[in-house]
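Required output: the full structure, derived from the provided sequences and hints.
Protein chains in written order, with this note's numbering: chain A, 1 to 475; chain B, 1 to 40; chain C, 1 to 146.
Just so you know, the hints here were simulated from the structure itself, not pulled from any lab data. Misleading hints may appear alongside valid ones.
When the alpha-carbon atoms are kept at most 30 Å apart in a straight line, the in silico DSS-like pairs for lysine-lysine are as follows [said to hold, decoys possible]:
#1 K358(A) to K32(A)
#2 K106(A) to K116(C)
#3 K459(A) to K120(A)
#4 K106(A) to K356(A)
#5 K106(A) to K32(B)
#6 K34(A) to K36(B)
#7 K120(A) to K381(A)
#8 K143(C) to K120(A)
Distance ranges between label pairs, derived from CB positions [unchecked claim]:
#9 I9(C) to V186(A): 35 to 43 Å
#10 C132(A) to S123(C): 18 to 26 Å
#11 S123(C) to V458(A): 19 to 27 Å
#12 L457(A) to T122(C): 19 to 27 Å
#13 L349(A) to G87(C): 56 to 64 Å
#14 I132(C) to Q466(A): 39 to 47 Å
#15 N470(A) to I130(C): 50 to 58 Å
#16 K32(B) to F372(A): 16 to 24 Å
#17 F62(C) to G154(A): 37 to 45 Å
#18 R141(C) to K358(A): 37 to 45 Å
#19 A17(B) to S59(C): 35 to 43 Å
#20 R141(C) to T121(A): 43 to 51 Å
Computed, partial: chain A to chain C, Cβ under 8 Å [stated by the list, open to error]:
#21 G76
#22 P220
#23 L234
#24 F235
#25 G292
#26 Y408
#27 A419
#28 L423
Please read all numbers here as calculations on a predicted model, not as lab measurements. For glycine and all other residues, C-beta sits at the position ideal for the given N, C-alpha and C.
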Amino acid sequence: MDYNPISITTALMLLVLFGIVWIFFGWWLGRKNKSLDDFMLAGRNVGLAFAGATAMATWITSNTTLVAPQLTYELGIWGMVGYSLAALGLILFAPMAKRIKELMPKGYTCGDFIRVRYGKTAWIAFLVVSFCYAMGWLVSLGMAGGVLLDTLSGLSYNVGMTVILVICVGYTLLGGLKAVIATDYVQTIIIIVGVLIIGFVCYQTVGFDRVYEFNKEHHPELLNLLFPAAMMFLFNNIFFGLGEIFHSNVWWSRALAFRPGIGKKAYLMSGLLWLPIPIVTGFIALSAPVLGLYPDSSDMVGPMVAANLLGDLGAIFVFIVVFSALASSLDSLLAATSDLVTRDIYNGLIDKSASKEKLHRISKLVILGLGFVTWLICLPKITTLGALLNFTGAFVASTIWPIVLGLYQRRLSGDFVTAALVLGTISGLIGYHTIGFYVAALFSCIVSFLICMIGLLVKNDNFDWQRLQNMEKSQ
Amino acid sequence: MIISLEALETLVLTAMAVTCLSPVILIILLFKDWMKDELW
Amino acid sequence: MTSGHFNLIWPVKDESTTSEEKESDGDREDESSAIEPSTIKATLVDFEKHSATQLKISSDQFFSHISHAINIHPTQRAVSLTGFSDGDYYAQLYDASNNPVSNTVMVTVEHHSMFKVWVIFTSGAALFLILIGYMVTKVFRHKEEA
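Structure follows, in structure tokens:
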């Protein structure tokens with residue numbers, strides 16, 4: 001777009017307003033945080049309302065609001081349906097969330113699980129995968145913020161990106177997981193209402209008949225259910241999504257933070273409620289051609305249609321919705337990754353006898369540090385958003401089978417898991433570079449699966465589940 | 001093989017309907033948790 | 001271009017008169033088999049005589065039948081197009097009086113071979129079904145161990 005629908009003043013005002021409200025929220029909630037468990041795991045007793053909302057909000061990233069329309073614009077119907085199948089990650093994780101809370105009620109991170117269940121080598125391999133993914137996601141979110149503000153308002157990328165990071169680091173630092181969860185709840189409502197308004201206006205203004213007929217005439221592939229490229233991407237994207245959720249501490253920390261009996265319900269509900277959202281945002285993109293709108297680049301098709309239909313107000317809506325989507329994921333990622341660094345790296349490798357008070361302080365420093373490192377990496381704006389995140393598909397998909405089997409099987413042992421993670425990742429990366437990004441997660445998952453199967457057949461580790469219950473005492 | 005107009009309509013309208021319900025569900029749940037003092 | 005989606009870019013020329021390589025850039029997943037090299041490096045060169053206000057797409061190089069006429073903002077320098085079926089397409093920029101203000105560029109759309117698609121699709125589906133099978137039989141029905 002060559003004009004900026006939002007003035008720089010408006011953009012800055014909105015940012016400052018959100019900043020003040022969120023940071024105040026973070027400070028207010030943070031006053032009641034007494035212990036490490038309060039800070040990292042919101043007291044381990046979160047109820048269904050907050051639990052459901054935070055799972056939804058965290059999985060609604062800027063991608064859901066920007067990339068879903070982009071993929072629909074590029075791949076048509078399968079773009080949006082394929083994208084919405086990412087909800088499977090939440091749905092399939094639901095029983096696992098329950099199992100995690102039962103197996104290790106005193107645990108803090110997914111790293112804790114891998115370390116006790118599979119041993120130190122597997123744990124290191126897993127941490128490498130986790131960090132590659134976490135940093136990839138953090139940086140892509142930081143960049144998305146900068147790009148969004150630049151496109152909608154002309155506010156320079158560096159300024160926009162910095163301000164969003166400062167706000168998120170600020171309230172996460174002050175309030176811990178409680179601040180993350182509470183802001184997530186508000187942000188979920190904002191996102192859903194915003195998406196609905198834009199979707200509804202689109203439906204009223206354009207209508208299905210016109211969208212259908214115009215695309216059938218001029219862009220027929222968009223309506224094609226056998227769209228070759230989309231079919232190829234489908235399962236790769238599903239495994240990518242599953243890998244993201246199954247392995248990441250973002251979801252494990254929540255499983256541990258929710259009250260017993262809440263985890264399964266919360267994840268199931270959030271998955272089912274998340275599922276239609278990419279379809280609504282995707283539909284907006286299908287309407288672009290009929291409105292005569294062809295974006296400069298496909299990732300801006302969503303905001304372009306919204307601004308066209310609702311005028312400058314539409315652009316402000318988009319801004320608020322995408323900001324909320326960004327913030328609700330950024331804060332979760334900062335908190336969860338800080339938990340991993342503090343608990344697994346600092347407490348696990350550097351200072352094994354650190355007191356909880358000390359870890360509480362360290363985790364705040366880590367949040368600050370992570371925010372800073374993210375900011376540094378975001379500054380040069382090296383690569384496009386999609387490419388960055390796709391790369392991590394090779395890493396995370398290798399964790400799916402080790403985690404599922406590890407939670408429910410006693411046979412699988414650490415050495416095979418290490419091999420599965422390492423060889424899976426390498427296969428995925430080879431596939432990525434020789435064939436294309438759309439096989440990275442698939443190859444990784446296939447290789448990891450085969451190694452796990454061999455591991456199950458060949459060796460019986462006979463793991464004792466009690467070891468996970470006793471996690472604290474083994475320190 | 002192109003999707004039919006009816007199928008497209010059903011898909012998107014259902015999606016919008018469910019999306020309409022979700023804030024309602026979340027607010028009711030919040031209220032219930034708050035009344036039972038089970039927010040967190 | 002292998003997914004019916006491609007971008008056309010016509011950056012501003014620099015001071016020297018030689019034009020830059022302007023690429024017709026699209027989904028490049030399959031450079032080796034699906035596309036001939038000559039169709040990737042198409043250069044859309046704006047003659048800079050008048051401001052372009054329209055991009056016209058046609059299936060024949062003489063533009064006798066225009067399939068798409070897309071309005072372009074005068075300062076716009078890129079456009080993203082999508083949903084095209086297999087075939088050759090020609091694109092050219094026009095000004096408000098319908099005079100061409102750029103050269104013609106050809107884009108070949110050739111969707112991925114269905115064989116490749118099915119191989120990847122079915123291997124993904126198989127692994128997915130195995131996972132779902134395991135989850136439904138073991139995971140969703142798991143009772144807490146004493």
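Hint check results:
Between K358(A) and K32(A) the alpha-carbon distance is near 18 Å, which keeps this suggested pair within the 30 Å criterion. The straight-line distance between the Cα atoms of K106(A) and K116(C) is roughly 48 Å, outside the 30 Å bound, and the hint therefore fails. Under the criterion of a C-alpha separation no larger than 30 Å, the hint pairing K459(A) with K120(A) is consistent with the structure, at around 18 Å. For a cut-off of 30 Å, the pair hint linking K106(A) to K356(A) stands: about 13 Å separates their Cα positions.
This hinted pair checks out: K106(A) and K32(B) have alpha carbons roughly 27 Å apart, not beyond 30 Å. The straight-line distance between the Cα atoms of K34(A) and K36(B) is roughly 23 Å, inside the 30 Å bound, and the hint therefore holds. A distance of roughly 35 Å separates the Cα atoms of K120(A) and K381(A); the hinted pair therefore is violated under the 30 Å criterion. Of the pairs offered as hints, the one joining K143(C) and K120(A) holds, with about 29 Å between alpha carbons and a cut-off of 30 Å not exceeded.
Against the hinted window of 35 to 43 Å, the Cβ-Cβ separation of I9(C) and V186(A) comes to about 40 Å, which satisfies the hint. Look at C132(A) against S123(C): about 25 Å separates their beta carbons, and that is inside 18 to 26 Å. With their beta carbons about 24 Å apart, S123(C) and V458(A) fall inside the hinted range of 19 to 27 Å. Distance hint for L457(A) and T122(C): a CB-CB separation of about 25 Å, consistent with the stated range 19 to 27 Å.
Between L349(A) and G87(C), the C-beta spacing of about 59 Å keeps the proposed range 56 to 64 Å intact. Checked against the hint of 39 to 47 Å, the C-beta distance between I132(C) and Q466(A) comes to roughly 30 Å, which is inconsistent with it. In this structure the supplied range 50 to 58 Å is violated for N470(A) paired with I130(C), their Cβ-Cβ distance being about 33 Å. Range check, K32(B) to F372(A): Cβ separation about 41 Å, and the 16 to 24 Å hint is violated.
Distance hint check for F62(C) and G154(A): the Cβ-Cβ separation is about 41 Å, which falls inside the suggested range of 37 to 45 Å. Distance hint check: the CB atoms of R141(C) and K358(A) are about 43 Å apart, consistent with the given range 37 to 45 Å. Between A17(B) and S59(C) the beta carbons are some 40 Å apart, a value that agrees with the proposed interval 35 to 43 Å. Distance hint for R141(C) and T121(A): a CB-CB separation of about 32 Å, inconsistent with the stated range 43 to 51 Å.
For G76(A), the suggested interface contact is upheld, since its CB lies about 6 Å from the closest CB of chain C, less than 8 Å. For the restraint placing P220(A) at the interface with chain C, the shortest Cβ-Cβ distance is roughly 6 Å, inside the 8 Å limit, so the hint holds. For L234(A), the interface hint holds, the least distance from its beta-carbon to any beta-carbon of chain C being 7 Å, beneath 8 Å. Hint status for F235(A) relative to chain C: holds, with the closest Cβ pair at about 2 Å, below 8 Å.
Residue-level restraint check for G292(A) holds (minimum Cβ-Cβ distance to chain C is 6 Å; threshold 8 Å). Hint status for Y408(A) relative to chain C: holds, with the closest Cβ pair at about 5 Å, below 8 Å. For A419(A), the suggested interface contact is broken, since its CB lies about 18 Å from the closest CB of chain C, more than 8 Å. Hint on L423(A) is violated. Least Cβ distance to chain C is approximately 16 Å, over the 8 Å limit.
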